[in-house]
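Asks: Sequence:
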Amino acid sequence: MIAHAGSVATRLLADRVGLTAELSSATRRAGFRPVHDRGRVVVDVAVLLADGGEAIADIDVLRHQGQVLGPVASASTVWRALDELTPAALRRIETGPSVRAPKHHNWRALPCLSG
1 MIAHAGSVAT RLLADRVGLT AELSSATRRA GFRPVHDRGR VVVDVAVLLA DGGEAIADID
61 VLRHQGQVLG PVASASTVWR ALDELTPAAL RRIETGPSVR APKHHNWRAL PCLSG
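According to the working numbering, the residues represented by the sequence shown are 1 to 115, in order.
Just so you know, not all the hints are guaranteed correct.
Taking CB as the label site, the calculated pair distances span [said to hold, decoys possible]:
id, residue 1, residue 2, range
1, G66, P87, 17 to 27 Å
2, R29, G52, 23 to 33 Å
3, G31, G6, 17 to 27 Å
4, P71, R16, 28 to 38 Å
5, Q67, T95, 30 to 40 Å
6, A9, D60, 15 to 25 Å
7, T95, H64, 28 to 38 Å
8, I56, L13, 20 to 30 Å
9, P71, R28, 13 to 23 Å
10, I56, S24, 12 to 22 Å
11, H64, P34, 16 to 26 Å
12, A30, E54, 31 to 41 Å
13, P87, G18, 21 to 31 Å
The hints are simulated quantities; they were obtained by calculation from the structure and are not laboratory data. Even glycine gets a Cβ: it sits at the ideal position worked out from N, Cα and C.
Use the sequences and the hints to build the structure in full.
Replies: Listed below in structure tokens is the structure:
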């Protein structure tokens, strides 16, 4: 049994509503192709916080679920990704569709609420 099974659902929800893709787009830099997509890293940090994580090193909880989640960045990569969140990237995140229209876009992803 996975002790942190809720983290899988949280991560999948972020993917389903387009948040991961949006963060990937907002954090993309020309000519830079990181091993770990920065949008995915930011989502994983949010998941670790939602799961009760208190430190960047807690990303290892997700890394131990690699068979379910796939590759998860190391703590040092998380630090670099967070350091790369420039004011311009943060503005792109703040003005993205998932922030501007959460009800219209995200609530319809839940079948029980889309009727």
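Asks: Now tell me, hint by hint, if it's right for this structure.
Replies: Each hint tested on the structure:
1. A C-beta distance of roughly 33 Å is found between G66 and P87, which places it outside the suggested range of 17 to 27 Å.
2. In this structure the supplied range 23 to 33 Å holds for R29 paired with G52, their Cβ-Cβ distance being about 31 Å.
3. Separated by about 37 Å at the C-beta atoms, G31 and G6 break the suggested range of 17 to 27 Å.
4. A hinted range of 28 to 38 Å is violated for the C-beta pair P71 and R16, which are about 19 Å apart.
5. Between Q67 and T95 the Cβ separation comes to about 36 Å, which falls inside the hinted range of 30 to 40 Å.
6. At about 19 Å, the beta-carbon gap between A9 and D60 stays in the expected band of 15 to 25 Å.
7. In this structure the hint that T95 and H64 lie 28 to 38 Å apart at CB holds, the actual value being about 35 Å.
8. As the Cβ distance of I56 to L13 is approximately 22 Å, the hint placing it in 20 to 30 Å holds.
9. Between P71 and R28 the CB atoms are about 18 Å apart, so this pair conforms to the stated range of 13 to 23 Å.
10. For the hinted restraint 12 to 22 Å between I56 and S24, the CB-CB distance of approximately 20 Å keeps it satisfied.
11. Between H64 and P34 the beta carbon distance is about 22 Å. The supplied range of 16 to 26 Å therefore holds.
12. With their beta carbons about 35 Å apart, A30 and E54 fall inside the hinted range of 31 to 41 Å.
13. A beta carbon spacing of about 23 Å between P87 and G18 agrees with the range 21 to 31 Å that was offered as a hint.
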